[in-house]
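To convert, note that position 90 of the sequence shown is 125 in this note's numbering; the numbers rise steadily by one, no gaps.
Please note: incorrect hints may appear among the correct ones.
Claimed, not checked - Lysine to any residue pairs mimicking SDA-like chemistry, simulated, CA-CA at most 25 Å apart: (1) K40 <-> L157; (2) K86 <-> S57; (3) K125 <-> S110; (4) K40 <-> A63; (5) K86 <-> A123; (6) K86 <-> H143; (7) K40 <-> T162; (8) K86 <-> L126; (9) K86 <-> R131; (10) K40 <-> Q60; (11) K125 <-> F54; (12) K86 <-> A119; (13) K86 <-> M122; (14) K125 <-> E96; (15) K125 <-> A84; (16) K40 <-> S57; (17) K125 <-> L157; (18) K86 <-> S128; (19) K125 <-> E99; (20) K125 <-> H164; (21) K86 <-> G102; (22) K125 <-> R48; (23) K86 <-> S72; (24) K40 <-> P50; (25) K125 <-> E64; (26) K86 <-> L117; (27) K125 <-> G102; (28) K86 <-> R48; (29) K125 <-> G163; (30) K40 <-> D52.
It is worth saying that the hints were derived from the structure and are not from the lab.
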Amino acid sequence: FHIAKMAATRARRTPIDDFFTSLAQEQAENAAGIILSGTGSDGTIGLRAIKERGGLTLAQESAEYDGMMRSAVQSGLVDMVLPAEQMAGKLVSYFRHSSRSDGERDRHNRDVAEQLSRIAALLRMRTGHDFSGY
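Put together the whole structure using the sequences plus the hints.
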């Protein structure tokens, strides 16, 4: 895990695509991307990165602003379109049945805990805010 500055020359910001692409690179088949309510097509490129690495992709059914959801669904990259209230259960079920062994899961959880501690320390050092208890 690392933090990198964004290129300043890009004309259009696509933070959801950027996040999903980074998530896919780091987590591969353990990544999940969810498109909720929003306008435009931000997120569709990032969903492609998640799908290419074997992750799960969801989109919100009946989103108030459905541009992002429509773009994602029309791309053919969305595994499931669900009401928002069903998404958490689907994520839990999906990852509970993943093929990762208990030893791998324990190592992964330790790695994530270490990375979160490093991030919290960096935030505290740079901003003065302590997020270590979250």
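So, going through the hints one by one against the coordinates:
For the given pair, K40 sits about 15 Å from L157 by alpha-carbon distance, which is consistent with the 25 Å threshold. A C-alpha spacing of about 13 Å is found between K86 and S57, which places the hinted pair at or below 25 Å, so the restraint holds. This hinted pair checks out: K125 and S110 have alpha carbons roughly 21 Å apart, not beyond 25 Å. Among the hinted pairs, K40 with A63 is consistent with the structure: their alpha-carbon atoms are about 22 Å apart, no more than 25 Å.
Simply put, K86 and A123 have alpha-carbon atoms about 19 Å apart, close enough for the 25 Å limit, and the pair holds. Of the pairs offered as hints, the one joining K86 and H143 holds, with about 21 Å between alpha carbons and a cut-off of 25 Å not exceeded. For the hint pairing K40 with T162, the CA-to-CA distance comes to about 17 Å; that is within 25 Å, so the pair holds. A hinted pair counts as satisfied when its Cα atoms are at most 25 Å apart, and K86 with L126 qualifies at roughly 15 Å.
Taking the CA atoms of K86 and R131, the gap is about 19 Å. The hint holds against a cut of 25 Å. Only pairs whose Cα atoms come within 25 Å are accepted, and K40 paired with Q60 is accepted, the gap being roughly 17 Å. Distance restraint check for K125 and F54: the Cα-Cα separation of roughly 21 Å lies within the 25 Å cut-off, and the hinted pair is therefore satisfied. Distance check on the hinted pair: K86 and A119 sit about 20 Å apart at the alpha-carbon level, within 25 Å; holds.
At roughly 18 Å between alpha-carbon atoms, K86 and M122 fall within 25 Å of each other, so this suggested pair holds. With a CA separation close to 14 Å, the supplied pair K125 and E96 stays within the 25 Å bound. Proximity of K125 to A84 is assessed by CA-CA distance (about 21 Å); at most 25 Å being required, the pair is judged to hold. Only pairs whose Cα atoms come within 25 Å are accepted, and K40 paired with S57 is accepted, the gap being roughly 13 Å.
A distance of roughly 33 Å separates the Cα atoms of K125 and L157; the hinted pair therefore is violated under the 25 Å criterion. Taking the CA atoms of K86 and S128, the gap is near 18 Å; set against the 25 Å cutoff, the hint holds. For the hint linking K125 to E99, the alpha-carbon distance of about 21 Å falls within 25 Å, and the restraint holds. Using a Cα cut-off of 25 Å, the hinted pair K125 and H164 is violated, with the two alpha carbons roughly 34 Å apart.
At most 25 Å may separate the alpha-carbon atoms for a hinted pair to count; K86 and G102 meet this at roughly 20 Å. Proximity of K125 to R48 is assessed by CA-CA distance (about 30 Å); at most 25 Å being required, the pair is judged violated. The hinted pair formed by K86 and S72 meets the criterion: a straight-line CA distance of about 20 Å does not exceed 25 Å. Only pairs whose Cα atoms come within 25 Å are accepted, and K40 paired with P50 is accepted, the gap being roughly 13 Å.
The straight-line distance between the Cα atoms of K125 and E64 is roughly 16 Å, inside the 25 Å bound, and the hint therefore holds. As the CA atoms of K86 and L117 are separated by approximately 18 Å, the hinted pair is consistent with the 25 Å bound. Under the criterion of a C-alpha separation no larger than 25 Å, the hint pairing K125 with G102 is consistent with the structure, at around 23 Å. At most 25 Å may separate the alpha-carbon atoms for a hinted pair to count; K86 and R48 meet this at roughly 22 Å.
As the CA atoms of K125 and G163 are separated by approximately 37 Å, the hinted pair breaks the 25 Å bound. For the hint linking K40 to D52, the alpha-carbon distance of about 15 Å falls within 25 Å, and the restraint holds.
Violated hints, in rising order: 17, 20, 22 and 29; the structure is consistent with all others.
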